[in-house]
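Chain by chain, the residues run as shown.
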Amino acid sequence: MTDPVLEVDHLSITYTVGAGTFQAVSDVSLRLYPRRVVGIVGETGCGKSTLAQAIPRLLPEPPATIGGGRIIFRGTDLVKVPKRQLPMVRGTGIGMIFQEPLNSLNPAFRVFDQIAESIRIRHYRDMGWVKSFQGGSAPFDYSKPPPLPTVSETLSKPFLPSGAVGDAARERLQSRSDYREEVLQFLRLVRINDPEAILDRYPHELSGGMRQRIMIAMALSEKPSLLIADEPTSALDVTIQAQVLTLMKELIDEVDASILFISHDLGVIAETADEVGVMYAGRIVEYGPVAEVFQSPRHPYTKALLKAAPAHYKSDGPLSSIPGNVPNLSRPPSGCRFHPRCVLAQAVCKGEAPPLDPVDPAAAGDPFRVHRSACYFASEVPGLP
Amino acid sequence: MVAVPSAPPPRRAESPLRVFWRVLRANPLSLFGFLLVAVICITALVVVVAPHLIVPYGAQQQTGPYNAPPSWKHPFGTDGLSYDVYSEVMLALPLDLSLGIAIAGVSLLIGGGLGLVAGFYDTPGTAAGVGSVSVMRLTDIFLSFPSLILALAITRALGVGVVNVAIAITITWWPYYVRLVRGEVLAVKHLPYVMASRAAGVREGRILLRHVLRNVLEPVVVYFTLDIGTVLVTYSTIGFIGVASKYPGPQPEWGAMLAFYQSSGSINVYPWLVLAPGAAIFVTVFAFSLLGDGLRDILDPRTRRAFVRSTSSHDPPPEAVSALPSAPDAGEGAPSPATAVGAVDARSAS
Numbered sequence: 009m010t011d012p013v014l015e016v017d018h019l020s021i022t023y024t025v026g027a028g029t030f031q032a033v034s035d036v037s038l039r040l041y042p043r044r045v046v047g048i049v050g051e052t053g054c055g056k057s058t059l060a061q062a063i064p065r066l067l068p069e070p071p072a073t074i075g076g077g078r079i080i081f082r083g084t085d086l087v088k089v090p091k092r093q094l095p096m097v098r099g100t101g102i103g104m105i106f107q108e109p110l111n112s113l114n115p116a117f118r119v120f121d122q123i124a125e126s127i128r129i130r131h132y133r134d135m136g137w138v139k140s141f142q143g144g145s146a147p148f149d150y151s152k153p154p155p156l157p158t159v160s161e162t163l164s165k166p167f168l169p170s171g172a173v174g175d176a177a178r179e180r181l182q183s184r185s186d187y188r189e190e191v192l193q194f195l196r197l198v199r200i201n202d203p204e205a206i207l208d209r210y211p212h213e214l215s216g217g218m219r220q221r222i223m224i225a226m227a228l229s230e231k232p233s234l235l236i237a238d239e240p241t242s243a244l245d246v247t248i249q250a251q252v253l254t255l256m257k258e259l260i261d262e263v264d265a266s267i268l269f270i271s272h273d274l275g276v277i278a279e280t281a282d283e284v285g286v287m288y289a290g291r292i293v294e295y296g297p298v299a300e301v302f303q304s305p306r307h308p309y310t311k312a313l314l315k316a317a318p319a320h321y322k323s324d325g326p327l328s329s330i331p332g333n334v335p336n337l338s339r340p341p342s343g344c345r346f347h348p349r350c351v352l353a354q355a356v357c358k359g360e361a362p363p364l365d366p367v368d369p370a371a372a373g374d375p376f377r378v379h380r381s382a383c384y385f386a387s388e389v390p391g392l393p
Numbered sequence: 128m129v130a131v132p133s134a135p136p137p138r139r140a141e142s143p144l145r146v147f148w149r150v151l152r153a154n155p156l157s158l159f160g161f162l163l164v165a166v167i168c169i170t171a172l173v174v175v176v177a178p179h180l181i182v183p184y185g186a187q188q189q190t191g192p193y194n195a196p197p198s199w200k201h202p203f204g205t206d207g208l209s210y211d212v213y214s215e216v217m218l219a220l221p222l223d224l225s226l227g228i229a230i231a232g233v234s235l236l237i238g239g240g241l242g243l244v245a246g247f248y249d250t251p252g253t254a255a256g257v258g259s260v261s262v263m264r265l266t267d268i269f270l271s272f273p274s275l276i277l278a279l280a281i282t283r284a285l286g287v288g289v290v291n292v293a294i295a296i297t298i299t300w301w302p303y304y305v306r307l308v309r310g311e312v313l314a315v316k317h318l319p320y321v322m323a324s325r326a327a328g329v330r331e332g333r334i335l336l337r338h339v340l341r342n343v344l345e346p347v348v349v350y351f352t353l354d355i356g357t358v359l360v361t362y363s364t365i366g367f368i369g370v371a372s373k374y375p376g377p378q379p380e381w382g383a384m385l386a387f388y389q390s391s392g393s394i395n396v397y398p399w400l401v402l403a404p405g406a407a408i409f410v411t412v413f414a415f416s417l418l419g420d421g422l423r424d425i426l427d428p429r430t431r432r433a434f435v436r437s438t439s440s441h442d443p444p445p446e447a448v449s450a451l452p453s454a455p456d457a458g459e460g461a462p463s464p465a466t467a468v469g470a471v472d473a474r475s476a477s
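As given, the protein sequences belong to chains D and A, one line each in that order.
In the working numbering, each residue carries its 1-based index in the first sequence increased by 8.
In the working numbering, each residue carries its 1-based index in the second sequence increased by 127.
Chain D with its partners taken away, still in its complex shape (with noise of 0.2 Å):
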C-alpha cells in the first residue's frame, strides 16, 4: 500500500461575513492515493467548492479561516505553510481546473502564452532558480525529498551570461518562444486538433469544450501529482462533458496524477471517480467504492438524493424531492446536520453527530473498499423507499 499524496484531517472552515460566522466545511477527513480519483458530491452550497480551493490554501483568508485540521501534501501541514510560500505548493504540486472555461482563462492574452506561463514556473523550478517545494516537479517520492541546494552550490551558479556559462543559465535565457514545442506537446496531449493553429488564438476565439481542454492543459503542463477539478465540466453540455471526462479518466495515467474531483453531478462523479464521499452542510456524510456507494447506499440523505436525480428512463410522475431546506450554516442543527430532513431521525441524531464508520468493519482496512457512513441507522437506509 502506498503512501496518499493527500491526507485531509479534520478540516473546519469558517468564513466570517459581517457578523455572523458560517461553518462551510466541518471536520472533513479525506484520503487521496496515487492514480486515484476522488469525486466530492453534494448540492449547491455544500462546502464542496470551499474545500477544493482550502487544499491550496487558495480561499481568502479572511473572509475564510481554516478553524482547525490538518492537510497533509507530501509531507507538510499546508495549513502551516506561510502564505509566502504558498506559490511554491500551487503550480507543481496541485493543479486547479475551474469551473467556468470562459473566464479562466486571461482574455488578453494568446493560448500560447497562457500555456507558456506554467511551463516557465515550472521550468525555473527544475532548474533551481526559484525555489520549489520539495523537489518541483519531481515524481511523487516521499522517501528522499531532494536536497536544498547550498550556498555554495547557488553562488557558483552563474548569474549572467558572461562567457562561459553553464548550461542552466542558457536555458534560463531561452525567449519565450522556444517553449513554443513544449506548449504544442501539452496541447496535443490534451488531444487538440491543429495545436499549431490555436496557439495564437484568443480564448474568446475558442469553444466552451476547448477552453477547458487549454485550462487542462495549462494544469498539467506543471506536471502536478494532484489535479483538484472544481465542477470542470458543469458548464459545458452533455457530448462536451463526455469528451473532457474521457480525457481526464485517459490523462490519469499519462501524468501520474490524482484527481480530486468536484461535481453537483451524479452521473459526472459515477463515470469519473474511483471513490466518492457525498457532502451535505459542510460534513463528509458518505464515503466509499463510486458503484457501493450509488448501488447501496448507507446514508439516508444519498438515498434521497439519488433518488431525487431525474433519470431520462423514468418520466412517470414528478421527480422526487428531499422535504425541507439546506440548513443554514451560521447556526447549523445539532448532531447529525441532516436530522430535521432525515425519515429516520431519532433523538440520538439531534445529539451528539455520528461518527463517519465503516459499515462493514472487515473492509475497513482497504482504502479502495471501505464505505463509510455518518448515520446512527446506516444499516436500516437500504429499507428505506
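Accuracy of the hints is not assured; some may be wrong.
[As the list claims (entries may be wrong)] Think about it this way: if two alpha-carbon atoms lie no more than 30 Å apart in a straight line, the pair counts; the simulated DSSO-like pairs of lysine-lysine are:
#1 A:Lys373 <-> A:Lys200
#2 A:Lys316 <-> D:Lys91
#3 D:Lys358 <-> D:Lys315
#4 D:Lys88 <-> A:Lys316
#5 D:Lys257 <-> D:Lys315
[Stated by the list, open to error] Cβ pair distances, simulated, as ranges:
#6 A:Ser261 <-> D:Asp264: 47 to 57 Å
#7 A:Ser261 <-> D:Val89: 26 to 36 Å
#8 D:Asp264 <-> A:Leu336: 48 to 58 Å
Keep in mind that the hints were calculated from the coordinates and are not lab data.
Where a beta carbon is used, it is the ideal one built from N, C-alpha and C, also for glycine.
Use these hints to put chain A onto chain D, whose structure you have.
Positioned in the frame of chain D, the structure of chain A alone reads:
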C-alpha cells in the same frame, strides 16, 4: 547541450504593429485621430527644434499692421500689438501639449500606481488593508474640493508661474486615477483567471503586473488620452483667470492668449484673435479624444479581431487566410468556433 528549436516555426503570430495598422485602417475616425495627434506632436517638435520652418515671426515681434484680418501673410491675422497671431499660437503649442501630457501622465503614474496597490492589497485587518483604506480616504479628501478652486488656491500659495500651476493641477488631478484604477482592479482581481493563475503558482506581484494590470489597462489608457484634453482645458482656464503665465509675454500660452484677447474687448470687432487659440485648444482636445477611442479598440483583443475580420472581406490579409484551413476543430463535431465567432464579429462590426 540545450535543445535548440530545429525547424523555424511554420506560422508566426502577427506583429503588433500590423494588428495596430489593421485596426486603424478599419476605423477611419480613429485613424484620423492618430494622424492628427501625430501631426500635432511633430509640429510641436518642429516648433521647438527649428521654429523658422513653420513659424514666421518670433514671440512679441511687431509685424507692422494692427488688428489685421487673416491674410496669406498673417493666416490668423494680427492683434492690437501687431503680433502675428498664427506665430503666437504655434509658439504656444509645445508648452500646452507638454503640459497636458505631463500633468495627466504624472497623475496617471501617481494615482494609477496607488490605485493598483490599494485595489489589489486590500485585505481588511492587515497592514496592507489599513494602507489601502488610508489611500482611499486621502483620495476622498482631495476629491471633496472642487479641483479648479483647489488648484487656484495652491497656485496662489506657490506663486504665479507655469510650473507652479502644473504642480497645482497635478495635486488635484491624481485622485481621479486612484478611484478609476482601484475600481477596475477590484473588478478584475476576483475574476476566475486571477485565481487560476494563483493556482498555477504565479506570485502575487506578477499576478498584479501581468494579469491584473494588463486587464485594467484598456479603460485607464482611454481615460488618460481623454484626460489630456481635460487637463489642457483646465490649464487654459487657469491661464484665462490670469495666474498661470503672463500674456503678452515671451512664452505665449493659449489660455492666457484667450484671456488677453477677450479682456481687450476685441471679440466682436476682431473675432479671429479669440478664435485662433480657441480652435487650437479644440483641435488638440478633439485629436486626443479620437486617439482614446482608437486605443480602446486596439487594446481589447475582442474588438481587435472583430475589426480585422471585417476588413478581411475586402482585402484578405495573410492571417485570415491561414485561419480558415484550421476549421477542423478539437474533435468536438461542432462547427469551428473560431470561424463562427469571426462570422458573428464581422456582422456586428459592419
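Against the structure, the hints come out as follows:
no.	hint	verdict
1	A:Lys373 <-> A:Lys200	holds, 26 Å
2	A:Lys316 <-> D:Lys91	holds, 18 Å
3	D:Lys358 <-> D:Lys315	holds, 25 Å
4	D:Lys88 <-> A:Lys316	holds, 25 Å
5	D:Lys257 <-> D:Lys315	holds, 27 Å
6	A:Ser261 <-> D:Asp264: 47 to 57 Å	holds, 49 Å
7	A:Ser261 <-> D:Val89: 26 to 36 Å	holds, 30 Å
8	D:Asp264 <-> A:Leu336: 48 to 58 Å	violated, 33 Å
Against the hints set out earlier in the document, a violation occurs for number 8 only.
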